[in-house]
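K.L.:
The lines below spell out each chain.
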Amino acid sequence: LAKTTQPISMDSYEGQEVNITCSHNNIATNDYITWYQQFPSQGPRFIIQGYKTKVTNEVASLFIPADRKSSTLSLPRVSLSDTAVYYCLVRNSGNTPLVFGKGTRLSVIA
Amino acid sequence: SAVISQKPSRDICQRGTSLTIQCQVDSQVTMMFWYRQQPGQSLTLIATANQGSEATYESGFVIDKFPISRPNLTFSTLTVSNMSPEDSSIYLCSVVSPKGGTGRGPQETQYFGPGTRLLVL
Numbered sequence: 001l002a003k004t005t006q007p008i009s010m011d012s013y014e015g016q017e018v019n020i021t022c023s024h025n026n027i028a029t030n031d032y033i034t035w036y037q038q039f040p041s042q043g044p045r046f047i048i049q050g051y052k053t054k055v056t057n058e059v060a061s062l063f064i065p066a067d068r069k070s071s072t073l074s075l076p077r078v079s080l081s082d083t084a085v086y087y088c089l090v091r092n093s094g095n096t097p098l099v100f101g102k103g104t105r106l107s108v109i110a
Numbered sequence: 001s002a003v004i005s006q007k008p009s010r011d012i013c014q015r016g017t018s019l020t021i022q023c024q025v026d027s028q029v030t031m032m033f034w035y036r037q038q039p040g041q042s043l044t045l046i047a048t049a050n051q052g053s054e055a056t057y058e059s060g061f062v063i064d065k066f067p068i069s070r071p072n073l074t075f076s077t078l079t080v081s082n083m084s085p086e087d088s089s090i091y092l093c094s095v096v097s098p099k100g101g102t103g104r105g106p107q108e109t110q111y112f113g114p115g116t117r118l119l120v121l
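Protein chains in written order, with our numbering: chain Z, 1 to 110; chain H, 1 to 121.
Honestly, the hints are just simulated from the structure, not real lab data.
Don't take every hint at face value.
[Claimed, not checked] In silico lysine-lysine, DSBU-like type, Cα no more than 30 Å apart, as pairs:
1) H/Lys65 x Z/Lys3
2) Z/Lys3 x Z/Lys102
3) Z/Lys102 x Z/Lys54
4) H/Lys65 x Z/Lys102
5) Z/Lys102 x H/Lys7
6) Z/Lys102 x Z/Lys69
7) Z/Lys52 x Z/Lys3
8) Z/Lys69 x Z/Lys54
[Unchecked claim] Here are the simulated distance ranges between beta carbons:
9) Z/Ile109 x H/Arg10: 25 to 33 Å
10) Z/Glu17 x H/Phe75: 39 to 47 Å
11) Z/Val59 x H/Ser84: 37 to 45 Å
12) H/Phe75 x Z/Thr21: 37 to 45 Å
13) H/Gly40 x Z/Glu14: 22 to 30 Å
14) H/Gln22 x Z/Tyr13: 37 to 45 Å
15) H/Ser81 x Z/Glu14: 40 to 48 Å
16) H/Thr30 x Z/Lys52: 35 to 43 Å
[Unchecked claim] A few chain H residues that don't get close to chain Z, going by computed Cβ distances all over 12 Å:
17) Ser1
18) Gln28
19) Gly52
20) Glu54
21) Pro71
22) Asn72
23) Ser81
24) Glu86
25) Ile90
26) Ser94
27) Val96
C-beta: ideal position from N, C-alpha, C; glycine also.
Bound-form chain Z, shown alone (with noise of 0.2 Å):
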């Protein structure tokens, strides 16, 4: 599985536009880029997931070049319940299980 790097922390200011990038130079041809929420004492969430190009729903836009090596997670407007750590995962298949790394811990304050 290719290793994803993401900057350790975050801050903004609310209804800030939020954007997270992830490197993952070595992505594979069948790999997905997909991105979990974490709040305190929660299971992870699905935010997001795509191939390439850009990819929008109801919560987050994701942005994908066309070489893969990169993404990035953009959070419109934030508030401060959005505070949480975000994880950047490479993933290929439904029967693999997901490796987190270390995500992004994403500060919102007033």
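Knowing the structure of chain Z, use the given hints to seat chain H on it.
P.N.:
Relative to the frame of chain Z, chain H by itself:
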């Protein structure tokens, strides 16, 4: 999606004892996993539990310490045996369930339970 519940949600145990954690899923799933999350750390995969076969353990985890049962497609247990303070962690059950959505990508999503917070004294 899949809704996962775990029991107990938290427990405080004495060293040398054992605790069995239950994981219940609201739908039948083939793949089930157990993770551990130590304080302030990321998740670490303990084992993969498939119904009707022996669990597969990751490096550093052994069956004698973490026996797993998977009697059917909606239930599993993880036992933490002969506990020591180093076993104090959150233990999470996870399943892969069909996403049922459209668009390109794996049609499965991995879901996580709320976790069991264990403190060993």
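K.L.:
Give a verdict on every hint.
P.N.:
Okay, the hints, checked on the actual structure:
1. At roughly 29 Å between alpha-carbon atoms, H/Lys65 and Z/Lys3 fall within 30 Å of each other, so this suggested pair holds.
2. Distance hint between Z/Lys3 and Z/Lys102 is fulfilled; the C-alpha atoms sit about 11 Å from each other, no more than 30 Å.
3. A C-alpha spacing of about 24 Å is found between Z/Lys102 and Z/Lys54, which places the hinted pair at or below 30 Å, so the restraint holds.
4. Taken as a hint, the H/Lys65 and Z/Lys102 pair is honoured in the structure, with Cα atoms around 25 Å apart against an allowance of 30 Å.
5. About 27 Å separates the Cα atoms of Z/Lys102 and H/Lys7, which keeps this hinted pair within 30 Å; it holds.
6. A distance of roughly 18 Å separates the Cα atoms of Z/Lys102 and Z/Lys69; the hinted pair therefore holds under the 30 Å criterion.
7. Restraint check for Z/Lys52 and Z/Lys3: satisfied, since their Cα atoms lie roughly 18 Å apart, inside the 30 Å limit.
8. Straight-line distance between C-alpha atoms of Z/Lys69 and Z/Lys54 comes to about 14 Å, which keeps the hinted pair within the 30 Å bound.
9. Between Z/Ile109 and H/Arg10, the C-beta spacing of about 29 Å keeps the proposed range 25 to 33 Å intact.
10. In this structure, Z/Glu17 and H/Phe75 meet the distance hint of 39 to 47 Å, their C-beta atoms being roughly 43 Å apart.
11. About 40 Å separates the C-beta atoms of Z/Val59 and H/Ser84, a value consistent with the hinted range of 37 to 45 Å.
12. For H/Phe75 paired with Z/Thr21, a C-beta distance near 40 Å keeps the hint of 37 to 45 Å intact.
13. Checking the proposed 22 to 30 Å range against H/Gly40 and Z/Glu14 shows it holds: the Cβ atoms sit about 25 Å from each other.
14. Between H/Gln22 and Z/Tyr13 the C-beta distance comes to about 42 Å, which sits within the given range of 37 to 45 Å.
15. Taking the beta carbon of each, H/Ser81 and Z/Glu14 are about 46 Å apart, inside 40 to 48 Å as hinted.
16. Distance hint for H/Thr30 and Z/Lys52: a CB-CB separation of about 28 Å, inconsistent with the stated range 35 to 43 Å.
17. Here H/Ser1 does not stay apart from chain Z, with its beta-carbon only about 9 Å from theirs, under the 12 Å limit.
18. Annotated as non-interface, H/Gln28 keeps its C-beta farther than 12 Å from every C-beta of chain Z; the closest such distance is 14 Å.
19. No Cβ of chain Z approaches the Cβ of H/Gly52 within 12 Å, the least distance being about 15 Å, so the stated non-interface status holds.
20. Interface exclusion of H/Glu54 from chain Z stands, the closest Cβ pair being 16 Å apart, more than 12 Å.
21. Remark: the non-interface label on H/Pro71 is consistent with the geometry, its nearest Cβ contact in chain Z lying 20 Å away (cut-off 12 Å).
22. Taking the minimum C-beta to C-beta distance to chain Z, about 19 Å, the non-interface status of H/Asn72 holds against the 12 Å cut.
23. Interface exclusion of H/Ser81 from chain Z stands, the closest Cβ pair being 22 Å apart, more than 12 Å.
24. In this structure H/Glu86 is separated from chain Z by more than 12 Å, as the shortest Cβ-Cβ distance comes to about 20 Å.
25. Look at H/Ile90: its CB is around 8 Å from the nearest CB on chain Z, not clear of 12 Å, so calling it non-interface is violated.
26. The Cβ of H/Ser94 does not lie farther than 12 Å from every Cβ of chain Z; its closest approach is about 7 Å, which violates its non-interface assignment.
27. Here H/Val96 does not stay apart from chain Z, with its beta-carbon only about 5 Å from theirs, under the 12 Å limit.
In this structure, the hints that do not hold are numbers 16, 17, 25, 26 and 27, in rising order.
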